[in-house]
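Asker: Read off the chains here:
Protein chains: 2
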Amino acid sequence: MADIAPFHVMALLARARELEAAGRTVIHMEIGEPDFPTAEPIIAAGQRALLEGHTRYTAAAGLPALRQAIADQYQARYGVAISPRRILVTPGASGALQLATAILIDPGDRILLADPGYPCNRHFVRLVEGEAVGIPVGPETGYQLTAELVERHWDARTKAILLASPANPTGTVIPPDELAALIAAVEARGGRVIMDEIYHGLIYGAPVQTALAYSDQVLVINSFSKYYGMTGWRLGWLVAPDDCVGAAEKLAQNLFLAASTPAQHAALAAFGAEAQAISEARRHEFQARRDFLLPALRELGFHIPITPDGAFYLYADCGRFTDNSYEFALRLLEESGVAITPGIDFGHHLPNRHVRFAYTNAIPQLAEGVERLRRVL
Amino acid sequence: MADIAPFHVMALLARARELEAAGRTVIHMEIGEPDFPTAEPIIAAGQRALLEGHTRYTAAAGLPALRQAIADQYQARYGVAISPRRILVTPGASGALQLATAILIDPGDRILLADPGYPCNRHFVRLVEGEAVGIPVGPETGYQLTAELVERHWDARTKAILLASPANPTGTVIPPDELAALIAAVEARGGRVIMDEIYHGLIYGAPVQTALAYSDQVLVINSFSKYYGMTGWRLGWLVAPDDCVGAAEKLAQNLFLAASTPAQHAALAAFGAEAQAISEARRHEFQARRDFLLPALRELGFHIPITPDGAFYLYADCGRFTDNSYEFALRLLEESGVAITPGIDFGHHLPNRHVRFAYTNAIPQLAEGVERLRRVL
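Line order of the protein sequences matches chains A and B.
In this text, residue positions in the first sequence follow our numbering: the first is 751, and each later residue adds one.
In this text, residue positions in the second sequence follow our numbering: the first is 751, and each later residue adds one.
Derived from the structure by calculation, the hints contain no laboratory data.
Here the structure is a predicted model, which means the values were calculated and not measured.
Beta carbons: idealized from backbone N, C-alpha and C, even for Gly.
Some hints could be false.
What the hints assert, rightly or not - To spell it out: a stretch of chain A is covered by chain B in this simulated footprint if at least three of its residues, at any positions, have a beta carbon under 8 Å from a beta carbon of chain B; those stretches are:
(1) 793-799
(2) 805-818
(3) 867-876
(4) 931-944
(5) 1002-1011
(6) 1090-1099
Claimed, not checked - Have a look at the derived ranges for each label pair, beta carbon to beta carbon:
(7) A/1126 - B/798: 40 to 46 Å
(8) B/803 - A/966: 36 to 42 Å
(9) B/831 - A/1114: 44 to 50 Å
(10) A/1126 - B/993: 36 to 42 Å
The following block holds chain A by itself, in its conformation from the complex (with noise of 0.2 Å):
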């Protein structure tokens, strides 16, 4: 348990409920949700789901006509054919971790990532006394690992890689030709590549594909909880390869039973044309906010080096302020009632230089939060 760490965000995000209370406004650009609702015909598609009485389990992989949705997903979107029988739906991406990292990692065993990354990846490693060895990474690859990095860092014990595009917290999405390399030198070394694509709708005119374009080793996380705005529900995936897949679902069984029931009807919903028109527009509208953050922040002081491609967040080099990022985000709160998230809480490179900036919020927030930061900065 002393390995596992909490989110320190979580102390930044109870002093401003606390200013909150008090009666101040703060500015949230620390939450790493759409602030959008789920979309209607997905909540009308939950709604009927209860209506109907389909609260009961359902199999440990999931609804048949949701695992053959998704699967017709890959192959509309990324022209990629997957049967049914490899895509597990889980408990939010989060299951789908959970599973991955438990088939793949034996005690002592070592899985590569990037640092900064997502904190809960390591400690699912963890969780299964593995070791996540963090690769420092900046903005001369991306904030991504690379095939170099990777033949640079495997050893004996080193058994997998975990990559994730776009990436929390640098929104930073892997080119195709980068991807390929990464999984042919991972699969070189008999290897294999844990790769999440919880982000993926969410990319801003990069080109993009999946990794299951490229192998069919690859384990592939996804989750309905960014593009389709469905968090709260709690829904993922994994796309396992063929030899993945009894491993997968006997763990399932015992971990979890299966993913909620309510919400993968609702789920059902999220690939109709109604509500595609509906996350598309708010692609969109995450687009915009980038472009009006990303200058903004730079021109605060703000070293932002690369203009990432996905997600909703930026990873900024506050140097020219700080040399430590959690007492800067803890000042910028205080001090001009902006919530941001410190490094530290995304890897052990250079943490107290960045800070992640979420544009989960409406331009006029956003504005109103790079004014407030002005007036302090």
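Add chain B to chain A, keeping to what the hints say.
Answerer: This is chain B only, laid out in the frame that chain A set:
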């Protein structure tokens, strides 16, 4: 992964589905979830939550109002005061079990539990590289651990015991005085008790008390699935001792983020007078089913030495008919269209001589099942 067993009943269930697809009717006495849908007031609360847009993450420990409502329920039902701070809402009891085992167990640590027992329990322990030590139990101790058994099997590596009352697959309840003695025996050795109370509402006349009445060091698992009929919603809770709350919370943040938001809002209605009345009526119905099925199975030649006081299971010795309960269950399915669960799903102690009957069907179906069995036995 090799140590994690699949549910063997799944193969049986698949065969049952084939028979049904071919036009035969199957009496399902293998299913461990209530046949009742979620009660209408809970459904209505879920629909209202969706209408009001409650679709984003809650705090990792759950909605404050739900934690308070659960605490109030301990006061009302058991006269035990529990701070809501100690209550974490989880994705099913599965989530709570995962938190409890991950908090208590380091690699190589042992935890004692009854054999037969719920199969997932030992797999949660295995996941974190602990050792689940099944203690063979039989009718002489009500298929439960006793203080004497704990004392006999405790060693330097033992860190905890796991109890379930009412238990799956046996339906037996630990008498309050024995429960107090068990907890005292474990705590005298510096160990902890994980107490599974997920069938607590479904008790038919036996005296019962929550483990929390005897110690504030126990980790109690509970769920909205069984008594409140919310299986598919995936919602449970953990009551943690004060010194485990911080660990449970940071682990929940990392492993689950939070439990389902619509489910949490729906569950608030489970404690209302209308939903409670429905739950109580269902409890009476389960009791009537037990009172029908138990003598009927005994008359057929199944040996059920004690009358279980809770849950919706009968654990029957089928030694008069077979020395291979798995083949026996398959044969009954083929020849009579009755599906039951073989003992092998519940541990290593005499599994071949036992099968589990679930009375999650109305009495007319149970009667039809008994009649079909009578014809082939």
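Asker: Establish whether the coverage given for the stretch 793-799 of chain A by chain B is satisfied; the threshold is a Cβ-Cβ distance below 8 Å, and no fewer than three residues must meet it.
Answerer: holds (count 3)
Asker: Has the hinted range 40 to 46 Å been met by the Cβ atoms of residue 1126 of chain A and residue 798 of chain B?
Answerer: 42 Å, holds
Asker: At least three residues with a C-beta closer than 8 Å to a C-beta of chain B: is that true for the stretch 867-876 of chain A?
Answerer: Answer holds; 4 residues pass the 8 Å Cβ test.
Asker: Per the hint of 36 to 42 Å, is the separation of the Cβ atoms of residue 1126 of chain A and residue 993 of chain B within bounds?
Answerer: Since the Cβ atoms of residue 1126 of chain A and residue 993 of chain B sit about 40 Å apart, the hinted range of 36 to 42 Å holds.
Asker: Taking a Cβ-Cβ distance under 8 Å as contact, does the stretch 931-944 of chain A have three or more residues in contact with chain B?
Answerer: That given contact is violated, which follows from only 0 residues of the stretch 931-944 of chain A lying within Cβ reach (below 8 Å) of chain B.
Asker: Are there three or more residues in the stretch 1002-1011 of chain A whose C-beta lies within less than 8 Å of some C-beta in chain B?
Answerer: holds (count 9)
Asker: Can the suggested window of 36 to 42 Å be confirmed for the beta-carbon pair residue 803 of chain B and residue 966 of chain A?
Answerer: 39 Å, holds
Asker: Are at least 3 residues of the stretch 1090-1099 of chain A within less than 8 Å of chain B when you compare beta carbons?
Answerer: Contact hint for the stretch 1090-1099 of chain A vs chain B: violated, 0 residues under 8 Å.
Asker: Quick one: are residue 831 of chain B and residue 1114 of chain A within 44 to 50 Å, going by C-beta?
Answerer: Holds, since residue 831 of chain B and residue 1114 of chain A (Cβ atoms, about 47 Å apart) stay within the stated range.
Asker: Closer than 8 Å, Cβ to Cβ, for at least three residues: run that test on the stretch 805-818 of chain A against chain B and report holds or violated.
Answerer: Three-residue rule met by the stretch 805-818 of chain A, so holds; n is 4.
Checked against the numbered hints given earlier, the structure breaks hints 4 and 6 and satisfies all the rest.
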